[in-house]
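With chain H fixed as given, assemble chain Y onto it according to the hints.
First to last, the sequence lines map onto chains H and Y. Just so we're on the same page, my numbering is the position in the first sequence counted from 1, plus 2. Just so we're on the same page, my numbering is the position in the second sequence counted from 1, plus 134.
Derived from the structure by calculation, the hints contain no laboratory data. Source: prediction; values computed, not measured. Accuracy of the hints is not assured; some may be wrong.
[Unchecked claim] Using 35 Å as the maximum straight-line C-alpha spacing, the simulated DSBU-like pairs for lysine-lysine come out as follows:
hint : chain 1 : residue 1 : chain 2 : residue 2
1    : H       : Lys102    : Y       : Lys232
2    : H       : Lys15     : Y       : Lys357
3    : Y       : Lys197    : H       : Lys153
4    : Y       : Lys496    : H       : Lys102
5    : H       : Lys159    : Y       : Lys379
6    : Y       : Lys197    : H       : Lys163
7    : Y       : Lys171    : H       : Lys102
8    : Y       : Lys171    : H       : Lys163
9    : H       : Lys15     : Y       : Lys171
10   : Y       : Lys379    : H       : Lys15
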Amino acid sequence: MTTSADDLLVRVKALLGADVLDSHAHRGDATLLVPLARARECLRRLQHDPELAFNFLIDLTAVDYLGREPRFELVYHLASIDASPRDDAPSTLPRRLRVKTAVPANPCEADSICALWEAANWLEREVFDLYGIVFREHPDLRRILLYDEFKGHPLRKDYPKERRQPLIGPRN
Amino acid sequence: MASPAAIPTRRPKGDLHTDTQLISMGPSHPATHGTVKIMLEIDGEQIVEMDVQIGYLHRGFEKECESGTWYQAIPYTDRLNYNSAILANLAFCMSVEKLLDCEIPRRGQWVRTLASELSRMGDHLTRLGAACLELGAMTPFLYGIEARELVWDLQEMLCGARVTSNYVRIGGLQRDITPGFLARLATSLVRIEELLADFDKVVTSNRIFVDRFRNTGMLPLEKLISYGVTGPLLRAAGVPLDLRKAEPYLAYAEIDFDVPIGTTGDNYDRFLVCQEEVDESIRIIRQCVPVLEKTVGEPVNVADPRVRWPAKDRVFGRMEELIQQFKGVTEGIRVPAGEAYAAVESPNGELGFYVVSDGTGKPYKVRCRPPSFANVAPMRDMLVGGMLADIVPTFDMINMIGGECDR
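If we strip away everything but chain H, and leave its shape as in the complex, we get (with noise of 0.2 Å):
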């Protein structure tokens, strides 16, 4: 498991070269830290390549590390299946990517890649919405999950569990 990730690790630093600020292959899953200017261009490489052909955007998240700088950073899950329609099931394992990349707390913006996936169009909203991570270029940024009136990013760590807010309600 582990050689696969490192040779995978291997091919793309040679595709994005000095882009790849850091990468590893903790438990076998290979992972890239890339510069956030550079964030889109890194993922529409390797969704074009045409050996790598990351074609499926299988999650794109945040985390909060509050108290380190640059504070957020988003993680994009990638997978490259062969997806031609057959007959037979595929004995060959997809390829997984996973691609980071820091978000200062100031600005929280990063650049929308709603274009490369429509997938982003709705995973870029629910990162807006519980992180605050604005997303530049993007077609419809409204909250997803919560509604246009609440105040705040709850999965943000400096977000109190305990907050209510009027539409929520009181505790119980």
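The following block gives chain Y in isolation, referenced to the frame of chain H:
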């Protein structure tokens, strides 16, 4: 001007002038088994534009997970997809086990496999039955729900709960299968197969049903990929992607089963794929039984007391084990710092957990990658331009589970 064309008719020239209408479907609509609000702009019966608004079941799953120990997060995972709670337990525990780098014993793997397939059957039977109900067919719903009840009775025998299982533990299971479980399983499977046969006779080639499902809710394959759609929706479009085959976990590598696929990717294909997957689940369960009969008495939990606390007879009789249990319960297991992502094939597609640990007894971050969320996002593209009546079958086959989509 005496030509026949000049004779006035009652038919107006051109189209009738009609305004588009804005209607709101949901958030609590009797024909959708999920809490979702759909704002629709319709022109007669045709959908011009729609906005799917989710979040009505958002309850801060991730926030709650961050405030308790690793073990305390497991009951919350039950409430994600409540139709297949065991699979959510499993995906979460697998991601933590990946961080811990521990492997559970062989018997544990096989019990987990069996429990996963029971869970998948329960989910698919609900989806198939409810789809009929929401189109106005009560009888097949009752066949589906009777079969699901048999599955849930079996789940109750496994873990004491029909729905919110809380069965899988980090490093193993709440407990081994109970005495008499395999005998009950054998008789239940026979009855479930009878019900499935009845269900098939009533529904699958029923003209009314086929007309509502065929050629509705389709989306081109490249769109499905771009939206990150997985599971039966993608398989119905002809892509045989199933994580049980592609990244075999548990005991799936040793089991013989097929991945059903469709051709056009319409709602009818989705329905057939789910129907066949129930048959495949029964096939998988039947292959688990002989292994479980052969390995009676073998452990299902890892022997590492830092992960899974010791058996009760040892806790009550020895000082070290008592301390281990006490610390395990009060402080929680310590998961080494790092990050991991593990995914299982849930009834709706890839259900994954991304967990981050800072080395303490509490998770720093628990992210659930919900297949429902990814599958509901393309609903607008599936339906705009179609008919109002296509919403319900499409929504049924997407099988949005609010608990999982909204977390």
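For each hint, the structure was consulted:
| no. | hint | verdict |
| --- | --- | --- |
| 1 | H:Lys102 with Y:Lys232 | holds (19 Å) |
| 2 | H:Lys15 with Y:Lys357 | holds (29 Å) |
| 3 | Y:Lys197 with H:Lys153 | holds (16 Å) |
| 4 | Y:Lys496 with H:Lys102 | holds (22 Å) |
| 5 | H:Lys159 with Y:Lys379 | violated (38 Å) |
| 6 | Y:Lys197 with H:Lys163 | holds (7 Å) |
| 7 | Y:Lys171 with H:Lys102 | holds (33 Å) |
| 8 | Y:Lys171 with H:Lys163 | holds (27 Å) |
| 9 | H:Lys15 with Y:Lys171 | violated (44 Å) |
| 10 | Y:Lys379 with H:Lys15 | holds (29 Å) |
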